[in-house]
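S.K.: Top line first, the protein sequences correspond to chains A and B.
Position 68 of the first sequence, counted from 1, bears residue number 68 in this note's numbering, the numbering being contiguous throughout.
Position 238 of the second sequence, counted from 1, bears residue number 238 in this note's numbering, the numbering being contiguous throughout.
Read the hints as simulated data drawn from the structure, not as lab findings.
Even for Gly, the Cβ is constructed at its ideal location relative to N, Cα and C.
Misleading hints may appear alongside valid ones.
Derived pair list, reagent style DSS-like, types lysine-lysine, alpha-carbon separation capped at 27 Å [to be verified]:
1) A:Lys163 with B:Lys197
2) B:Lys178 with A:Lys163
3) A:Lys331 with A:Lys311
Ranges between beta-carbon positions, derived for each pair [to be verified]:
4) A:Arg164 with B:Gln45: 54 to 60 Å
5) B:Ser23 with A:Gln26: 57 to 63 Å
6) A:Glu254 with B:Ser191: 33 to 39 Å
7) A:Phe17 with B:Ile105: 32 to 38 Å
8) A:Gln87 with B:Gly14: 29 to 35 Å
9) B:Trp112 with A:Phe17: 24 to 30 Å
10) A:Asp272 with B:Lys178: 42 to 48 Å
11) B:Lys178 with A:Glu102: 22 to 28 Å
12) A:Glu150 with B:Arg67: 40 to 46 Å
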Amino acid sequence: MSPPHGKIVVRNLYKLFGSHPRQAMQRLNEGWDKQRLNRESGVIVGVNDVSFEVAEGEIFVLMGLSGSGKSTLIRLVNRLIEPTAGQVLIDGRDVSSMNRRELIELRRREMSMVFQSFALMPTRNVLDNAAFGLEVAGVGRAARERRATEVLEQVGLQGFATKRVDELSGGMQQRVGLARALAVDPSLIIMDEAFSALDPLIRREMQEILLGLQREHRRTVLFVSHDIEEALRIGSRIAIMEGGRMVQVGTPEELVAAPADDYVRHFFSTVDTSRFLVADQLKADSVPVYVHNGRAPEGCQVRRDLEAQDKHYAFVVDEQRSFRGSISLEKLALLTADDRPLSLEQSLLKPVAPVAPNLPLSDVIERLISNEGPIPVVDDDGRYTGAITKGRLLSRLQGAQP
Amino acid sequence: MNFQLHIGDWVNDGVDYLLDNYSGVFDAIGLVVDEFASTIESLLQVMPAEVMILLFALLGAWRLGLRFAVFTLAALGLILLSGFWPQTVVTLGLTLSATMISLLIGIPLGIWAATSDRVNMLLRPLLDFMQTMPAFVYLIPAAMLFGLGRVPGIIATVIFAMPPAVRLTTLGIRQVNKEIIEAGQSFGCTSSQLLFKVQLPNALPSIMAGVNQTIMMALSMVIIASMVGAGGLGNEVLASIQRLDIGLGFESGMSVVLLAIVLDRITESFGDSRRARRSGYLSRLFGRISGQRAPVKGESH
Numbered sequence: 001m002s003p004p005h006g007k008i009v010v011r012n013l014y015k016l017f018g019s020h021p022r023q024a025m026q027r028l029n030e031g032w033d034k035q036r037l038n039r040e041s042g043v044i045v046g047v048n049d050v051s052f053e054v055a056e057g058e059i060f061v062l063m064g065l066s067g068s069g070k071s072t073l074i075r076l077v078n079r080l081i082e083p084t085a086g087q088v089l090i091d092g093r094d095v096s097s098m099n100r101r102e103l104i105e106l107r108r109r110e111m112s113m114v115f116q117s118f119a120l121m122p123t124r125n126v127l128d129n130a131a132f133g134l135e136v137a138g139v140g141r142a143a144r145e146r147r148a149t150e151v152l153e154q155v156g157l158q159g160f161a162t163k164r165v166d167e168l169s170g171g172m173q174q175r176v177g178l179a180r181a182l183a184v185d186p187s188l189i190i191m192d193e194a195f196s197a198l199d200p201l202i203r204r205e206m207q208e209i210l211l212g213l214q215r216e217h218r219r220t221v222l223f224v225s226h227d228i229e230e231a232l233r234i235g236s237r238i239a240i241m242e243g244g245r246m247v248q249v250g251t252p253e254e255l256v257a258a259p260a261d262d263y264v265r266h267f268f269s270t271v272d273t274s275r276f277l278v279a280d281q282l283k284a285d286s287v288p289v290y291v292h293n294g295r296a297p298e299g300c301q302v303r304r305d306l307e308a309q310d311k312h313y314a315f316v317v318d319e320q321r322s323f324r325g326s327i328s329l330e331k332l333a334l335l336t337a338d339d340r341p342l343s344l345e346q347s348l349l350k351p352v353a354p355v356a357p358n359l360p361l362s363d364v365i366e367r368l369i370s371n372e373g374p375i376p377v378v379d380d381d382g383r384y385t386g387a388i389t390k391g392r393l394l395s396r397l398q399g400a401q402p
Numbered sequence: 001m002n003f004q005l006h007i008g009d010w011v012n013d014g015v016d017y018l019l020d021n022y023s024g025v026f027d028a029i030g031l032v033v034d035e036f037a038s039t040i041e042s043l044l045q046v047m048p049a050e051v052m053i054l055l056f057a058l059l060g061a062w063r064l065g066l067r068f069a070v071f072t073l074a075a076l077g078l079i080l081l082s083g084f085w086p087q088t089v090v091t092l093g094l095t096l097s098a099t100m101i102s103l104l105i106g107i108p109l110g111i112w113a114a115t116s117d118r119v120n121m122l123l124r125p126l127l128d129f130m131q132t133m134p135a136f137v138y139l140i141p142a143a144m145l146f147g148l149g150r151v152p153g154i155i156a157t158v159i160f161a162m163p164p165a166v167r168l169t170t171l172g173i174r175q176v177n178k179e180i181i182e183a184g185q186s187f188g189c190t191s192s193q194l195l196f197k198v199q200l201p202n203a204l205p206s207i208m209a210g211v212n213q214t215i216m217m218a219l220s221m222v223i224i225a226s227m228v229g230a231g232g233l234g235n236e237v238l239a240s241i242q243r244l245d246i247g248l249g250f251e252s253g254m255s256v257v258l259l260a261i262v263l264d265r266i267t268e269s270f271g272d273s274r275r276a277r278r279s280g281y282l283s284r285l286f287g288r289i290s291g292q293r294a295p296v297k298g299e300s301h
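My request is simple: use the sequences and hints to build the entire structure.
M.R.: See below:
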């Protein structure tokens with residue numbers, strides 16, 4: 001097995017809730033499903049054979065309905081909950097086999113957490129709440145208050161240091177929660193539905209703050225959410241959980257393009273997914289392609305061809321399918337008006353720059369507007385893979401499947 | 001039916017056994033308690049009545065505002081003028097000693113019961129017993145084991161008044177929001193840091209409610225404890241019963257009531273810090289002087 005390189009590596013992780021989890025684990029290995037396990041031994045499967053990796057510096061969003069095990073899963077990562085089986089590696093070190101001392105050190109140095117209910121201490125003021133992690137780690141008063149003041153400024157709370165936390169609005173309180181998490185300068189922040197209790201406008205504001213902080217200093221963020229818009233806005237990658245299992249993991253674009261099942265598709269049903277469309281998903285083979293080899297097809301022939309097919313444009317590629325140029329019937333008709341033979345080379349339009357498969361929709365639209373004909377899509381090696389036409393684009397936006 | 005359980009006999013035998021074999025232990029405990037109580041009492045008696053009344057009034061003003069300070073002055077002044085001040089001081093001393101011993105044992109027990117379900121399960125019936133057994137009943141074994149005087153009175157009071165301190169400490173700690181506990185853990189608290197920086201501060205309102213209850217129960221019990229010679233206002237109450245002297249009964253009873261109200265309101269205010277902060281006139285004044293520390297920007301070099 002190759003050495004793990006992700007910031008977080010989770011392998012075959014299980015969490016069973018009930019009186020005899022080890023025994024139940026055996027049953028599970030013997031092939032019992034979780035309904036039977038629950039019925040016959042009263043054990044609930046919280047996390048069921050989950051494996052994934054989170055790369056350094058990415059925002060990894062865990063999505064799922066309530067009860068899907070996402071909150072349990074993140075608590076297994078910092079071991080607020082003991083796993084029943086499996087491994088959690090952080091920077092290559094196995095969290096589940098650490099002793100108390102090592103675990104406390106890891107929590108103090110490497111990670112912090114932000115909570116749905118904010119979980120601030122009502123007995124402390126804003127500054128002392130923000131400095132909590134440092135205080136626990138034994139940092140002296142002057143130093144920790146200096147650092148806390150610094151992070152409070154980063155989250156836009158300068159001047160609030162001596163306020164009581166219950167005098168603040170929800171959004172402000174969660175800024176304190178965020179400041180507390182940042183103060184210890186962790187490499188990993190775990191955020192459990194951190195913005196879910198906030199109203200939509202404040203939620204967007206907090207997402208912007210988080211993204212802004214990430215631009216200044218990239219940290220690994222493990223973010224739990226049940227809001228797909230939020231996941232799409234902030235997630236580098238999204239993992240969809242259902243009933244304790246991880247159903248699908250991918251970038252927002254990948255999930256939108258190819259949802260693994262109806263459960264995943266259901267999440268996106270309320271989302272305008274068109275903004276995640278890329279050139280590759282918009283292309284089709286609706287434009288005739290001519291291969292230009294030593295003896296190119298002859299101009300008049302092509303003209304008759306296109307007229308017969310009722311096509312106005314064609315593309316020319318070489319034998320390696322490298323894109324060479326495009327032809328329009330209009331120009332071809334002019335050039336071959338006297339029925340003289342014409343090599344295809346002579347009839348090429350001014351070259352249309354092909355686009356890469358991952359070009360986002362907005363750019364594709366721009367190109368379609370400024371170009372007269374269809375746009376060719378080429379892969380990373382420059383090979384032609386398909387064409388985007390205006391008609392094709394509109395029908396795709398309409399949601400019509402090809 | 002000629003079968004009968006002789007639980008009473010067993011208890012008698014038990015107490016006799018303790019007396020025969022462990023009287024040294026009880027003497028030692030008695031000595032410590034007596035020393036402690038007499039220290040507290042003499043500390044209270046050092047102060048002239050007027051000074052102590054003024055101190056209570058100031059405390060009342062700080063916690064609850066000027067109106068309560070005026071009430072405190074009037075109530076304690078009434079006791080002073082009706083001639084029951086010396087007995088009131090003795091009763092106050094007994095109450096404070098018993099309360100402190102109760103808290104010293106009760107709060108750690110409460111913490112233990114909060115962290116262990118098994119301890120909690122064992123402790124609950126014991127606390128029920130301590131709280132509901134008629135208070136007089138404790139006086140008999142207490143007097144037998146510790147002799148007459150204030151020591152058995154204090155011991156009986158401790159047993160009677162401790163349960164709320166234990167219960168409300170346990171309750172307070174168990175009721176701390178789960179995510180706040182998780183926050184403590186996730187930032188790397190050791191278990192003692194979790195206790196002192198997270199659980200206890202957040203359970204403080206509940207613990208203070210327990211302290212308040214303990215004080216009130218202790219006050220009522222030290223009156224009853226005059227039957228074993230604990231002294232104070234209880235003696236007057238007892239005398240009024242023996243002599244059927246309604247007037248004396250009313251005067252001494254009124255002193256108890258007034259002292260109770262003052263103690264209750266002041267200790268209650270410590271449990272509800274928010275209310276105290278809003279309404280306390282002096283606290284706002286003090287707050288301006290000392291409480292609001294400026295942000296620490298200036299401390300950076």
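S.K.: Please go over all the hints and tell whether each is borne out by the structure.
M.R.: How the hints compare with the structure:
no., hint, in the structure
1, A:Lys163 with B:Lys197, "holds, 19 Å"
2, B:Lys178 with A:Lys163, "holds, 24 Å"
3, A:Lys331 with A:Lys311, "holds, 13 Å"
4, A:Arg164 with B:Gln45: 54 to 60 Å, "violated, 41 Å"
5, B:Ser23 with A:Gln26: 57 to 63 Å, "holds, 59 Å"
6, A:Glu254 with B:Ser191: 33 to 39 Å, "violated, 44 Å"
7, A:Phe17 with B:Ile105: 32 to 38 Å, "holds, 37 Å"
8, A:Gln87 with B:Gly14: 29 to 35 Å, "violated, 57 Å"
9, B:Trp112 with A:Phe17: 24 to 30 Å, "holds, 26 Å"
10, A:Asp272 with B:Lys178: 42 to 48 Å, "violated, 37 Å"
11, B:Lys178 with A:Glu102: 22 to 28 Å, "holds, 25 Å"
12, A:Glu150 with B:Arg67: 40 to 46 Å, "holds, 45 Å"
Hint compliance for this structure: hints 4, 6, 8, 10 are broken, all remaining hints hold.
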